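2 protein chains.
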Amino acid sequence: MGYPDGLRLTVDAYLEELRFSDDAITGGLEEAMRYSLLAGGKRIRPVLALATARAIRRDEADFLPFAAAVELIHTYSLIHDDLPAMDDDDLRRGRPTCHVAFGEDVAILAGDGLYAEAFRHVLEHQTGEPRDILRALGELAAATGVNGMVGGQYLDVHEAAPDGADGLRRLHALKTGRLIGASVECVLLLAGQDEAATLHYRRYANELGVLFQIVDDILDVTESEDVLGKPQGSDERHGKRTYVSEFGLDGARALAADSVANAREALAEAAPRGASELEQITHFIYTRTN
Amino acid sequence: MGYPDGLRLTVDAYLEELRFSDDAITGGLEEAMRYSLLAGGKRIRPVLALATARAIRRDEADFLPFAAAVELIHTYSLIHDDLPAMDDDDLRRGRPTCHVAFGEDVAILAGDGLYAEAFRHVLEHQTGEPRDILRALGELAAATGVNGMVGGQYLDVHEAAPDGADGLRRLHALKTGRLIGASVECVLLLAGQDEAATLHYRRYANELGVLFQIVDDILDVTESEDVLGKPQGSDERHGKRTYVSEFGLDGARALAADSVANAREALAEAAPRGASELEQITHFIYTRTN
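Protein chains in written order, with the numbering used here: chain W, 1 to 290; chain D, 291 to 580.
Bound conformation, chain W alone (with noise of 0.2 Å):
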């Protein structure tokens, strides 16, 4: 079973086109933020947002702006999340990080920017209801606040969530889960379909992203460096509670089959008619090596 190369492929030419700066003046910036955000990558949380368009049966064109503020989202995320006082990681996808490549200065306001622009992206593009598109950024906030992306990465930096596997989840929901599901969630508000009709999807999207998270931190200790882009066992290195350090390798492999089971039959649930390319994300995430 295959990746959507095919969404993949319309994501990264729409992102491609983006443009952020009106006046030369500041182009050095955008050109910090575009070279984090045209890095690669399997663009997982946009190709999910076109791919829940067609499982809806709309067409994934109509989703494109919301798409690609998600990954402009993301971006901002890897570039705050790499800084000295962070992560401090030089490396990301086999390059330079933002900060290495242009000053820590431009890197905070290049993630800050994207931050702003995703929101302005959708505000000028998303074609919808005005009450719908006013609920998907509500998701889109809450999903990136305190509550959801940078409050996990809070938990992470500081070490401040509970011990235990509990506090692991609740970190990695706050953390990669939410923005995963609401990458989700939010072309199913974009498209008017009411709370009971995003039950079940809802469920898969949020499994999706402990499973996304689990077979991150096994890839971490069993991939090479040439294969992830950046250091192998760099987890273990920032001491970093992960579910291998938890559960050890062969009780994150037994987690992650339990977690692609569960989204598995959510997914067959929210869509009875089948959705093939969601089914696909999903095997990806499972099986991915890097």
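Check before you lean on any hint, since a few could be wrong.
[Claimed, not checked] Computed list of chain D residues with no C-beta within reach of chain W, every gap over 12 Å:
no.	residue
1	Asp-349
2	Ser-524
3	Arg-554
[Claimed, not checked] Sample of chain D residues at the chain W side, in silico, Cβ under 10 Å:
no.	residue
4	Phe-310
5	Met-323
6	Ile-346
7	Gly-384
8	Leu-399
9	Leu-413
10	Gly-428
11	Met-439
12	Gly-441
13	Ala-455
14	Gly-457
Simulated from the structure, these hints should not be mistaken for laboratory data. For clarity, every value in this text was computed on a predicted model and none was experimentally measured. Cβ coordinates follow ideal geometry from the N, Cα and C atoms, glycine included.
Chain D: place on chain W using the hints.
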């Protein structure tokens, strides 16, 4: 002529009640956010927003969620501007800056979190027609992105603005002017006013942003550390171009006098029946000493 302290007290009371974290585990992040948010100050931007509501004969209480969001965003910009990689300031309003009090990692995330929570707060609490809320949010995002606040800060720290007075004006129009302008303009958008009605208000708000910055630059060289709550002459030490470095102290004072006259003229056209709180704020910004 005084400052509209009634509106300021309304803003302060509203900000004091705000909570961001749904879960105690992210309480440490919220503490850093509230430390900077509740450090006092004149609350010029949210007070401007509420004063604009009064000028168009609307109940200011209806615009408090938006007004608060602007102050959250302003606070986020101060936290990031103070970071070691940016202006490296240890004092702000007479207290240790956020990164000195909580560490650089938490300060970066406190800024990130305040920005996200600003949007979330508007999306969850601001009343109005959905279409009008979207227009206001679009302006708020644009005013704080690459073509606004973040772009202006880039020009400032990276010394990327063109030489001369024009470059200086463009820098400050982005860095401080657009958010001050948005504090006025977004209230008109939320109130459903059309382009024609907002024209003179926009001219007023833009001029107020210019005035604010000229006076800020003058105060940096004329007022003591005790009055400013931060080291005197810090612009010069940072090698920053200011209205004083560009035009001299007398020249900057003359520009301020021109600017306040322009602002008052625009306001008189915007609000022919008078707008006493906006007149007070204009006077305050011109004559303030810190």
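Hints, one by one, checked against the model:
1. With a least CB separation of 22 Å from chain W, D:Asp-349 remains clear of the 12 Å interface cut-off, as annotated.
2. Even its closest Cβ contact with chain W, about 17 Å, leaves D:Ser-524 beyond 12 Å, as expected for a residue assigned away from the interface.
3. Distance check on D:Arg-554: its Cβ is at least 29 Å (rounded) from any Cβ of chain W, clearing the 12 Å threshold; non-interface status holds.
4. Checking D:Phe-310 against chain W by beta carbon gives a least distance of about 4 Å; that is within 10 Å, so the hint holds.
5. Interface hint at D:Met-323: satisfied, since its Cβ lies 8 Å from the closest Cβ of chain W, which is below the 10 Å cut-off.
6. For the restraint placing D:Ile-346 at the interface with chain W, the shortest Cβ-Cβ distance is roughly 22 Å, beyond the 10 Å limit, so the hint is violated.
7. The interface hint given for D:Gly-384 is violated, since its Cβ lies 25 Å from the closest Cβ of chain W, which is over the 10 Å cut-off.
8. Hint status for D:Leu-399: holds, given a least beta-carbon distance of 5 Å to chain W, under 10 Å.
9. A least Cβ separation of about 4 Å between D:Leu-413 and chain W falls short of the 10 Å threshold, and the interface hint therefore holds.
10. This hint holds: D:Gly-428 has a C-beta 4 Å from the nearest C-beta of chain W, less than the 10 Å allowed.
11. With 10 Å as the threshold, the beta carbon of D:Met-439 comes within range of chain W, its nearest partner Cβ sitting at about 8 Å, so the hint holds.
12. At its closest, the beta carbon of D:Gly-441 sits 4 Å from a beta carbon of chain W; the interface hint therefore holds under the 10 Å criterion.
13. A hinted interface residue such as D:Ala-455 counts as satisfied when its beta carbon comes closer than 10 Å to some beta carbon of chain W; here the least separation is about 15 Å, so the hint is violated.
14. Interface restraint check for D:Gly-457: the shortest CB-CB distance to chain W comes to about 8 Å, inside 10 Å, so the restraint holds.
In summary, the structure is inconsistent with hints 6, 7 and 13 from the numbered list given earlier, while agreeing with the others.
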